[in-house]
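Residue numbers (our numbering), protein chains in the order written: chain A, 1 to 507; chain B, 508 to 909.
For the record, the hints were derived by calculation from the structure and aren't laboratory data. Mixed in with the good hints there might be a few duds.
As the list claims (entries may be wrong) - Pair by pair, the computed Cβ-Cβ distance ranges are:
1. A/T507 / B/N708: 23 to 33 Å
2. A/D144 / B/E763: 25 to 35 Å
3. A/R129 / B/E875: 54 to 64 Å
Said to hold, decoys possible - Heads up, simulated DSBU-like pairs for lysine-lysine below, C-alpha to C-alpha not over 35 Å straight-line:
4. B/K705 / A/K499
5. A/K242 / A/K442
6. A/K73 / B/K626
7. B/K626 / A/K499
8. B/K659 / A/K74
9. A/K128 / B/K569
10. A/K74 / B/K626
11. B/K511 / A/K89
12. A/K27 / B/K781
13. A/K71 / B/K523
14. B/K626 / A/K231
15. B/K659 / A/K56
16. A/K73 / B/K660
17. A/K56 / B/K781
18. A/K404 / A/K374
19. A/K71 / B/K781
20. A/K179 / A/K370
Glycine is no exception: its CB is placed at the ideal position from the N, C-alpha and C atoms.
Each chain, letter by letter, is given below.
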Amino acid sequence: MSSEPIERRVAYIGDRLRGSRCTLCGKEYFRVRDYCGRCGRKSFGKMQEIDLFYEKGELEVCTLINEPTNKFKKLGSFIYGIVSFHNGKIRVPGRLTDLIINENDEIDFASLEGREVVPRFRRRYAVKRSEIIPTISLAFTFADEYYPHQEYSKMNPNKDYDTPGIVGYGVYISRFRIKEPHMERSVPFIDEDSITAAVEAGKLALIHSGVDNARIGKVYVGTESNPYAVKPIASKVAQVLKLGEEDRADGIQGVDAVDTEFACKAATSMFKDAASIVYYPKSEIEYAMVIGTDNSQAAPRGEPGGELDFFVGYGACAFIFGMKDVIAEIEGWYSVTSDTPDFWRRDQEPYPRHGGRFTGDPAYFKHIRKAAQKLMDKLKLKPEDINYFVSHQPNINFPTKVAKELGFKEEQYLPGLKVAKFGNTYSGASPTGLAAVLDQAKPHERILVASYGSGAGSDAYSFITTNQILEKRNRQKFTIEYQAENPFLYYVDYTTYRKFKSGLEAT
Amino acid sequence: MNKKPIPTIIGVGRTKFGEHYEREPENLIEEAWLKASEEAGIERKDLEAGYFSDYFLPLTNKIGLEEGFLSELSELHIPMEISRSFSSALMNACNAIQAERYKLVLVGGMEKMTDRWDKIRDDLMMLEDPWSYYAGGTPEANHELLLREYIKKYGILGEDLEKLKIALAQIAVKNHFHALKNEHAQFRRPITLEHVFKARNRARRMLGLFDFAPISDGATALILASDEIASSYTDKPVYILGCSSATDYITFPSREERTGFLATRMAVENVLKKAGISRKDIQLLEIYDQSTVMEMISLEDLGFAKFGTAWQYIYSSCEDYKGYYEIEGKKLFVNLNGGLKADGNPLGATGGAQIYEIFKQLRGEAGERQVKADGELSFGCALELEGFGTKAYCHILGRNVL
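Bound-form chain B, shown alone:
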């Protein structure tokens, strides 16, 4: 029986995230993809297909059919598909490789949110859920509602509640700390707990400005090959051992589960099964910290901490932060690029930055950010979300084929 091809990353590239006032989206994706191509050592004409992602480009930049401008840019006439998140583009690309349709494809994501600075929150909210938008909801509101549901459900009170609030602030502080070493990050400045708490006081809520990821411009790209041809390009391939996705209702209030994301829980079970590994094998996590709450609940949804307990581990790990969370004796490196909070969150490109980070870390090429695990650094997992937990994508990357 023929062995199924394994989708293999042979090169990655990205731009700096942040505000790129002077640049067209074309420049951004071009930069990301040329870097990825260079790292992979491929020629433009080697590509058989392109899988791209963006949420709002037709709205923010009025560029028409994205595939058309990408064709013009690359002078390629290969099949191209656009989807929303980078992870969805990547999953489609993996499916195609596994189905032996293609052997070498480009996956790219881009977003230019700051060009529509004054309207982007309305767009985000409308995408998240029209009925919540009609009722007056904002992109930030559901995070706070989820947090309040969480506190109620697990009966977190008094001193524990204060610790939870500190733990959430520590997440932001920790992600800014990681971003200091990330040359591509949007925010490369340290923040303190005081910054986070001041912003919360200003907002008169549990979550303030520093609890949320920014809006950003940026692009990311990677070259995906079948494992068979990957070895002719690199001797340090990174394999995508599993990918999985799940979907939940668009309207957050109408979901049964409102202290976490069902989609994440389902996606992670499937991806572990597909990759054939268990949680204890995973040392690296890139998770979707659109807010500090999302980083906390994702640790639970992904199964690394029991429900209602993640904040305790975050709190104790961050009292004297050593570069990782310690959860039940296990070291977990989380959001080494600074996460969405500090690295930035250009929607369609965000997932690409997560994969970029895991790729670099697994290859030992993360420079200043390179972490040292106990034993070999073998597996990383990326969680990307669309909407407010409406869709979850999990990818498990590994240095070796199992």
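Chain A on its own, in the form it takes in the complex:
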């Protein structure tokens, strides 16, 4: 049984790796402290808050854990050791994650020791499905492997825009993949879920945008795979990323956070809300963050709904909207909705079901076609006026077909078609396509995005890139291309994929 207050306190410190520094003697502590143990009473009020969330550390010594304590058993064998930060001013215990250690692997500890590591936000250990999900960032990966260390340097905005738009974005796709006949799919490591991916994507978006986290006034998290039926992911994102003004005494963030749900368009639906809220002067919200995150669920192959098990992926996308230092302005939007039950998951059911052949024409195609066409009509655009077209991508065929139907050519729709690399990341799917385009677009290019959410609806947006897209590009190493083609990708078999997918739930 978990204790809510203990869980709250451990997560508050451990998720962000919060620490303190005594400004009198310089001693640093992992954990928030009001006093320095060395300086005593005179240090009261002289403690500076620090955290290690964007830092890199060094794995000083390590060992193999092959008989974990009970709650860690599902992780199997893992590497555990001491990680130091700030040249040894702070040392913390930590485990390496995103690493599969097989039964007969010989481990050369000396080759691991001394290497730089990055803290990763993950599930802490397994608990029963009825309990609070424990998380922690005392999980690390090597900085010279898949996930690079990136500093978070905040920028003072220097240009105002009349129209709101995207000021930065981040995409997080896991290191693990599974190969299918015509595509590769992203697979979460066993300690990942849609909560951890949302935080990662948000972190990457902050890094890319340079936006001060304290100036984000609203965060939306769209998902259909929240491991909680009741409890938002957005609150975890807000707390871990310290969004909005922070009230340290109470541990509260001055931000509005909400989860949204509409199958795969839960995030794109909120782009216009985020844009509107930063545009409306009385909201006093400078920036709003929209995250689409999914650990897309699928029944095992051969079971009802198991058809999805060839396509589902894992990942998250975050977009920050504002009116300063915009990289892509919103030119317009159009959304459509009808009550079409082509895909659904009933409460307390672990896996979704879908309407088979009816997910195509009366669902995906009808809604995307309508939204995209209406928006083009509204903005008086022809396909040749549009540089890139991105649509929801549950597989390769659907987005290709709909793009052709709308009159787009390969050079317009292929740059934003990433499903063959990552699988269907649901709420993150069309946003990942958009991010892929933004990664390579030149200034003053037009991008048309049309999402699709079963149930059903589509949001179409037209974005026009600005000059500033180029200057922000070098702020992000962890690009779509980098995550799609990376020497550190790790391919797993179907059994491992199912095990990872089921995650750290105690059985």
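Fit chain B to the supplied structure of chain A, relying on the hints for placement.
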């Protein structure tokens, strides 16, 4: 000026350590304490207070307030206190005797770990350090990390490293060898270096199953009196000439010193001062070999070997083991009961077994295990730890008052 009373042990008792599947913790502590009382020749009603120790009894056996069940068991209504390690209970008892609060008290320790076999490692780790637990640490992991820090700090490489690995294995072999003669020991079977190395290979680490103490059930007890009344009970009293303790951070990685235990180093300096003797007077050592590494580094922390060198003496002493370590020409009898490794490690009772062994050896009553020192066997020292070096307790016992 009145001379301060000296806490004096007049009788000891213990159970066999191991798995006591069929027995309640009550039976265990009763056995230990009746044996101690019998040896001391005291009556139940002579006792003025009880100092007890256990780590996990409320968790493992759901027995409620330990003092209550001890009162019911003994039909005594005297003051009773519970603390964690046997050494902490003993130190409190010594303090009370020295403060002239009591003249005759019972000190007892007990643990029943095997009743919670499937969860006890989680409990141990949570006690050792919650943050290390949250990061995935196990009770064994820190020993290995300390060892790796040690090897790095002292630059032990190549042939030396191989010798160090052998030396650590020899510790386990030596402790099993000692336990052969200990009728109370959990493991009374000889092991070889091959056993230790095989287990290490299985674990794919420097330390394997045979490098670690087991989990155990057991109880120990002793009767502590002021020296003034001790002589009316026995003509072979054993005096507690000094006791001392020190504390360190709970989180091992955040300590400055990670190749040994600061708490041990501080405790031993203080206890030597209090006892008024020097290290060269000590022939007997009972140290807390939760792992083979802990026995090695404790020899250094206690000051018997220079930092980074203990393994060399262990290695050379064990090539042809004569029953003791020879360190810079000095004979040192270490863990004659088999240590935690072979005698067993029922946490709250473990320290009692250390004191039991020193008491028996100093009185010349250790039977088959009795050692012959050069000259008179006069002093013994016990080191008990709580957590992973978070607390250290040192007791110096002697045959004579100085």
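Structure-based check of each hint:
1. A/T507 / B/N708: 23 to 33 Å: holds, 31 Å
2. A/D144 / B/E763: 25 to 35 Å: Distance hint for A/D144, B/E763 holds at roughly 29 Å.
3. A/R129 / B/E875: 54 to 64 Å: Hint holds: Cβ distance 57 Å, inside 54 to 64 Å.
4. B/K705 / A/K499: holds, 31 Å
5. A/K242 / A/K442: This hinted pair holds, its Cα atoms lying about 32 Å apart.
6. A/K73 / B/K626: Distance of about 12 Å is within 35 Å: holds.
7. B/K626 / A/K499: Between B/K626 and A/K499 the Cα gap is close to 24 Å, so the pair holds against 35 Å.
8. B/K659 / A/K74: holds, 32 Å
9. A/K128 / B/K569: Roughly 23 Å between the alpha carbons, so the hint for A/K128 and B/K569 holds.
10. A/K74 / B/K626: holds, 15 Å
11. B/K511 / A/K89: Judged against 35 Å, a Cα distance of about 46 Å means the pair is violated.
12. A/K27 / B/K781: It holds: about 34 Å lies between the C-alpha atoms, which stays within 35 Å.
13. A/K71 / B/K523: Holds. A/K71 to B/K523 sits at ~32 Å (cutoff 35 Å).
14. B/K626 / A/K231: holds, 30 Å
15. B/K659 / A/K56: holds, 22 Å
16. A/K73 / B/K660: holds, 32 Å
17. A/K56 / B/K781: Given that 35 Å is the threshold and the Cα spacing comes to 47 Å, the pair is violated.
18. A/K404 / A/K374: Distance ~16 Å between A/K404 and A/K374 Cα, so the pair holds.
19. A/K71 / B/K781: violated, 45 Å
20. A/K179 / A/K370: holds, 34 Å
Consistency note: the structure conflicts with the earlier hints numbered 11, 17 and 19.
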